[in-house]
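Visitor: In case you want the letters, here they are:
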Amino acid sequence: MTKLLDVQAISKYYVHKDGWMPGQRICALEPLSFSLERGETLAIMGETGSGKSTIAKLIAGAERASAGEIFLNGQAMSSMTDQQRCRHVRMIFQDSLRSLNPQITVGKQLCEPLIFNTQMSPQDQKQRVHEVLRKVGLLPDHYHFYPHMLASGQQQRVCIARAIVLEPQIVVADEAFVALDPSIRAQIINLILDLQEDMGISFIFVSHSAEIVKHVSDKILIMHRGKMIEFGTTRALINHPEEQLTKTLLHSEHKYKVPLHSTTKE
Amino acid sequence: MSAILDIRNLSIELETENGPVRVLDRFNLQLAEGEIHTLVGESGSGKSLLAKAILGFINPRWKITADRLWWRHYDLLALNAAQRRIVTGRDMAMIFQDPSSYLDPNDKVGAQLRESIPTGELSGVYLKRRVDRQTRAERLLHRVGIKDTADVMERYPHELSEGLAQKISIAMAIAHNPKLLIADEPTTAMEPSTRGQIYRLLAKLSAGQGMSILMITQDLTAVIPESQRISLIYCGQLMETGPTEEVMQKPYHPYTDAMLSMSLSDQDIAPKTRLPTLSGAIPTLQHMPIGCRLGPRCPYARRACIHQPALTKQQQVQFACHYPLHKDSEHD
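Residue numbers (the UniProt record's numbering), protein chains in the order written: chain A, 1 to 266; chain F, 1 to 332.
Treat the hints as calculated values from the structure; they're not laboratory data. Predicted model only: the values in this text are computed from it and were never measured. Glycine included, each C-beta is placed from N, C-alpha and C at the ideal position. Treat the hints with care, since some could be wrong.
[Claimed, not checked] Which residues of chain F face chain A? A partial, calculated answer using Cβ under 8 Å: (1) Arg155; (2) Glu191; (3) Thr277.
Take these sequences, add in the hints, and give me the full structure.
Guide: In structure tokens, the structure reads:
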């Protein structure tokens with residue numbers, strides 16, 4: 001059986017267009033390869049500017065790779081049309097309110113991917129949107145709401161609904177949990193786990209919260225300055241990290257449990 | 001305990017079209033000298049409003065009432081604006097969530113830092129004052145752990161990394177040696193290694209010169225070990241307050257318990273299991289429930305919860321709940 005997602009030696013360069021030496025190449029991502037099975041969750045971790053968002057964008061198709069190829073079910077992604085591609089891979093962003101159009105209702109926004117990518121009749125579209133709204137824990141009444149009328153957690157649910165309305169195989173989430181309140185964040189994590197179980201979606205998410213990564217992911221990919229320095233299953237990386245950076249990233253959250261009153265006594 | 005900041009029953013009401021809304025409801029806080037106190041609250045809980053009320057950034061349309069709002073021996077509510085400005089300017093400082101947006105983008109870091117040094121503390125003629133100012137600015141940068149001072153001072157705010165920008169804003173805040181530093185979510189959206197640096201720096205400053213810090217955060221995972229006391233606030237009501245360790249080990253209030261289990265700091269939770277959550281969403285200001293505002297989301301809520309519970313004291317810990325998770329038996 002072919003792998004769901006097989007990334008082979010993709011890399012990304014940006015080129016200086018002007019300045020006194022045009023044509024200079026800046027490497028954002030050095031060639032890297034990894035693969036992902038159906039229903040698995042991959043977490044990408046790294047410091048700022050390490051290229052983790054670049055990978056997310058390349059997989060979602062927001063950027064074109066400079067070299068290398070991404071295979072989805074054995075088919076090269078560069079040979080697909082945009083329509084085919086976005087039926088299979090969808091993306092969720094960090095700031096849910098800003099990624100929704102403030103001028104049209106939630107229902108219409110959820111219909112948009114269906115209008116562009118399928119031949120569904122308007123009735124079917126509406127029915128599908130109602131189904132999806134219920135699936136993410138909203139009510140069909142929310143069809144007529146505008147994004148600003150919803151609370152932040154509900155907005156993030158709408159974003160998730162928009163991502164799954166085409167029943168994709170892969171959802172890419174770029175820092176989707178950072179801006180949420182703790183109690184809402186736990187709800188969204190539960191929702192994502194539920195959806196994964198129901199629909200067999202593979203998630204790829206970029207995060208720097210070690211706790212969430214440990215809880216949700218099956219595999220972890222660690223980035224450092226555009227290079228993949230470690231890739232493996234979550235358990236292996238937690239128990240036997242090879243690189244120092246992996247260790248610090250996965251354990252650097254402050255722990256209140258450590259008794260640390262020594263500084264005050266000095 | 002001699003508290004330098006003493007707040008009793010502080011309420012803030014906002015005038016809206018649909019009548020007044022109480023955003024902060026009888027809030028209590030005592031802060032001792034040199035203490036780090038962490039205030040944990042989700043968005044809309046009124047924690048930033050509290051910071052503003054302490055500092056006196058007050059909109060005249062807000063109605064602030066309190067039994068006591070004392071800073072050392074000043075009754076802050078009795079002072080007029082000019083007096084209050086003097087007290088605040090001398091003793092308090094604040095740092096914010098997104099440091100690079102609070103720095104002036106038009107000016108170099110060095111110039112902004114020199115500006116924050118109080119002129120009254122410099123003496124001598126023009127040239128000496130100028131040199132003194134420069135050396136003091138450099139010393140400030142050393143204190144917040146920046147070694148390459150000459151380079152950093154020549155930069156503009158957009159050329160700084162977020163951790164560096166937060167360090168600069170801390171340097172500016174401690175320029176006049178404040179007694180109280182309010183840190184409003186200083187590290188949200190920062191990566192963990194930078195976050196650790198900022199927390200260590202704040203803890204060091206507090207220990208080194210007896211500065212009290214009121215740390216405001218969203219998340220229980222951001223509570224640092226150096227923090228002696230912690231308060232949880234939900235929708236403007238104080239839920240539980242007490243020494244950090246006791247509250248974390250043995251929470252009385254269901255809200256504290258829920259926040260603890262949701263923070264994922266517990267290693268016992270198996271991966272991929274569903275997390276315990278509070279159902280529903282945070283209510284908006286116009287639709288605050290009566291009584292205990294956690295009521296509709298609380299798994300233990302019963303009929304009595306439509307009346308707001310008074311603060312109960314169990315040894316060091318105070319909490320506001322009719323049905324605490326455990327009661328200390330009378331005989332121990």
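Visitor: State for each hint whether it applies.
Guide: Verification of the hints:
Proximity of Arg155/F to chain A is violated relative to the hint, the smallest CB-CB distance being about 17 Å (cut-off 8 Å). The closest approach between the C-beta of Glu191/F and any C-beta of chain A is roughly 5 Å, which is under the 8 Å cut-off, so the hint is satisfied. With a cut of 8 Å, the hint placing Thr277/F at the interface with chain A holds, because the nearest CB-to-CB distance is about 4 Å.
Checked against the numbered hints above, the structure breaks only hint 1 and satisfies the rest.
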